[in-house]
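Chemist: Now for the letters of each chain:
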Amino acid sequence: MSSALAPYLEGFAAQPKPQAWLHALKEQALQRASARGFPVARDEAWKYTSLAVLEKRGFKPARSKTPLDAAAFAKLTLPGLDCPRAVFVNGRYDAALSRLPQGVRVVQSVDADESLRALLIAPKGWEEDTFLDLNTALFQEALVLTLDGEPAEPLEFLHVSVPTIDSASHHLRSVVKLGKHARAMLIERYAGLDGAKHFTNSSVQIHLDAGSKLTHVRIQDESLQAFHLGRVLVEQAADSSYISHNFQAGAAWSRLDLAVSLSAAGAEAELNGFYAVNGRQHLDNHTRVDHLAPHTTSRELYRGILDGQGRAVFNGKVVVAPHAVKTDAAQANHNLLLSRGVEIDTKPELEIYADDVKCSHGATVGQLDEQQLFYLRSRGIDAEAARGLLVGAFAERLMALLPLPALAAHARRRLSAAISQIALPEQS
Amino acid sequence: MLSIKNLHAKVEGREILKGLSLEVKAGDVCAIMGPNGSGKSTLAHILAGRDGYEVTDGSVTYEGKDLLALAPEERARAGVFLAFQYPVEIPGVNNVYLLKAAFNAIRKQRGEEELDAMDFLALVKAKMQFMEMDPSFLNRAVNEGFSGGEKKRNEILQMLVLEPKLALLDETDSGLDIDALKVVAKGVNKLRDPQRAIVMVTHYQRLLDYVVPDKVHVLAGGRVVKSGGKELALELEKRGYDWLKDAVIA
Chain Y
1 MSSALAPYLE GFAAQPKPQA WLHALKEQAL QRASARGFPV ARDEAWKYTS LAVLEKRGFK
61 PARSKTPLDA AAFAKLTLPG LDCPRAVFVN GRYDAALSRL PQGVRVVQSV DADESLRALL
121 IAPKGWEEDT FLDLNTALFQ EALVLTLDGE PAEPLEFLHV SVPTIDSASH HLRSVVKLGK
181 HARAMLIERY AGLDGAKHFT NSSVQIHLDA GSKLTHVRIQ DESLQAFHLG RVLVEQAADS
241 SYISHNFQAG AAWSRLDLAV SLSAAGAEAE LNGFYAVNGR QHLDNHTRVD HLAPHTTSRE
301 LYRGILDGQG RAVFNGKVVV APHAVKTDAA QANHNLLLSR GVEIDTKPEL EIYADDVKCS
361 HGATVGQLDE QQLFYLRSRG IDAEAARGLL VGAFAERLMA LLPLPALAAH ARRRLSAAIS
421 QIALPEQS
Chain A
429 MLSIKNLHAK VEGREILKGL SLEVKAGDVC AIMGPNGSGK STLAHILAGR DGYEVTDGSV
489 TYEGKDLLAL APEERARAGV FLAFQYPVEI PGVNNVYLLK AAFNAIRKQR GEEELDAMDF
549 LALVKAKMQF MEMDPSFLNR AVNEGFSGGE KKRNEILQML VLEPKLALLD ETDSGLDIDA
609 LKVVAKGVNK LRDPQRAIVM VTHYQRLLDY VVPDKVHVLA GGRVVKSGGK ELALELEKRG
669 YDWLKDAVIA
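The listed protein sequences correspond, in order, to chains Y and A.
Numbering-wise (this note's numbering), the first sequence opens with residue 1 and increments by one.
Numbering-wise (this note's numbering), the second sequence opens with residue 429 and increments by one.
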């Protein structure tokens with residue numbers, strides 16, 4: 001039994017009692033987590049990301065709801081994005097700020113019926129995860145999206161955090177299930193007001209039925225004092241398509257695990273990611289794509305900018321199962337270093353157990369190109385502006401992929417705030 | 429306009445220019461020729477302000493100012509333009525954005541107002557047409573995926589838009605087929621002006637058939653070893669450079 005988990009155990013005891021079946025499930029999860037404790041540096045997956053501060057801070061689960069007035073809330077929303085949304089404030093659902101579309105419901109653990117059980121089962125490979133177990137034990141409202149068909153509007157899961165006296169943990173659980181041939185766009189966003197010192201522990205499980213397509217934009221804009229840990233676990237049936245845009249510029253410490261299982265022929269995944277760190281931020285991305293069936297495709301492009309004394313970790317794993325012939329997988333991670341104090345650990349991993357596959361990967365770490373800088377300066381652009389232009393160009397490769405103008409505009413603004421020397425191209 | 433006196437320069441500790449002197453006047457169109465390794469490209473790069481060259485002696489005066497004391501962007505704004513031998517690709521920065529930023533930086537320096545987007549676009553499109561370039565090039569990233577010929581054309585387009593006082597062309601003819609060479613030459617000739625100087629650095633005579641120089645200087649061993657009129661270029665074409673290398677030693 002790990003004492004680091006004591007605050008979470010206390011929090012569980014203080015929570016309102018869920019339905020009996022769920023209570024049992026939660027208790028088991030808590031016991032597993034407690035017996036196992038937090039991962040340690042010996043675990044390869046945690047080699048470069050220390051949990052010491054997270055353990056020391058002992059983030060108790062938030063006990064009560066935090067009220068948020070409309071004016072404060074307005075500051076946290078994205079200009080130009082007006083769509084149905086489910087809003088959580090400091091980890092708890094806020095009905096007044098939400099507008100739920102058809103197919104979305106918020107299930108309270110105190111009155112959850114057993115149909116939720118199947119959706120909460122940890123996917124293969126995640127049965128031993130302390131953070132997922134803690135999440136299962138401690139979430140109080142699950143956000144459930146079940147969809148058939150094709151809604152006209154995107155949907156936003158908006159998790160906002162505002163400063164409170166104590167440093168609480170927020171355990172957010174979402175499940176998404178797209179029926180056959182359904183199509184949707186989900187915007188999952190974490191936004192924090194300056195000074196919010198919480199710990200977000202979020203898990204999103206996604207099931208895509210045959211022929212369905214999900215565009216999933218995930219924006220991590222937490223306050224610069226926050227801790228953020230996320231799991232996005234995707235299971236895909238035949239001919240389904242998962243397109244991820246993962247944008248991260250917030251939090252003092254963050255870790256995201258994004259795992260995709262391509263379980264049947266024709267399934268494809270596209271993972272786009274962008275991160276920026278500055279100051280003393282620490283940011284870790286672990287992605288994993290399992291090609292479990294023949295004729296599956298994955299494309300992954302992650303780019304990051306590191307400034308100040310920022311530190312980033314990228315670990316991208318691609319596994320091709322023995323019978324998954326005709327797999328087509330490509331992965332790339334590029335890092336731009338703007339200061340001497342930064343550190344990047346990037347590691348692509350390919351495990352291929354099948355013949356007749358097409359797999360590629362590559363990682364680069366570099367500074368601004370001197371020849372490009374000179375070229376711009378030789379045309380009359382001053383050194384500072386030239387640098388800004390090149391930094392912006394590096395980021396723009398991913399900004400340009402964001403699916404809605406409001407999202408791209410936001411990401412560019414956010415990036416300009418994070419990296420002072422950047423200049424992003426004018427948008428026509 | 430440009431006065432180079434006794435210029436000595438090193439690259440990575442090795443002396444490349446060894447006492448080069450050269451005068452270029454407004455209105456001049458001159459060619460600097462020479463064998464590989466004679467210091468032609470080094471000279472062009474030093475004039476544009478590239479890092480990595482150590483000037484150990486001599487001076488370069490441009491319009492009465494010490495050119496070597498200026499940053500590359502200050503030189504550009506003062507009217508110096510280098511058309512690169514190998515223009516670099518810059519993914520993510522589009523051509524029109526670069527052109528506009530460069531154009532306005534130079535206008536600002538001259539105390540002129542920035543041109544608005546519509547007028548600027550009209551100006552660039554006219555010049556593109558002259559250079560026989562498709563307007564789609566405007567919205568492509570700078571030189572990205574351009575063929576060798578397209579890159580060179582793009583350099584000349586920039587030159588036409590920026591209207592420098594001193595245009596330096598570094599091996600602009602290399603890698604061009606005859607049609608592209610003619611277009612590039614047309615662009616250079618368009619810039620001939622009594623107020624402007626054009627300096628072409630080239631290994632071969634080819635470009636000089638289309639852009640006829642007033643003066644030809646031959647560079648060998650890091651110095652100007654012979655100067656003459658356009659007929660000197662023809663002589664070099666016929667006899668090669670070896671007879672001049674002997675002249676250096678003599």
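For the record, the hints were derived by calculation from the structure and aren't laboratory data.
Incorrect hints may appear among the rest.
Covered stretches of chain A, going by a simulated chain Y footprint (3 or more residues, C-beta under 8 Å) [stated by the list, open to error]:
1) 504-511
2) 514-523
3) 578-584
Computed from a prediction, not measured in an experiment: that's the story for all the values here.
Even for Gly, the Cβ is constructed at its ideal location relative to N, Cα and C.
Chemist: All hints are to be evaluated individually against the structure, with a verdict given for each.
Modeler: Taking the hints in turn, this is what the structure says about them:
1. 504-511: With 4 residues in contact (Cβ-Cβ under 8 Å with chain Y), the coverage given for the stretch 504-511 of chain A holds.
2. 514-523: Holds, because 7 residues of the stretch 514-523 of chain A bring their Cβ atoms closer than 8 Å to Cβ atoms of chain Y.
3. 578-584: violated (count 0)
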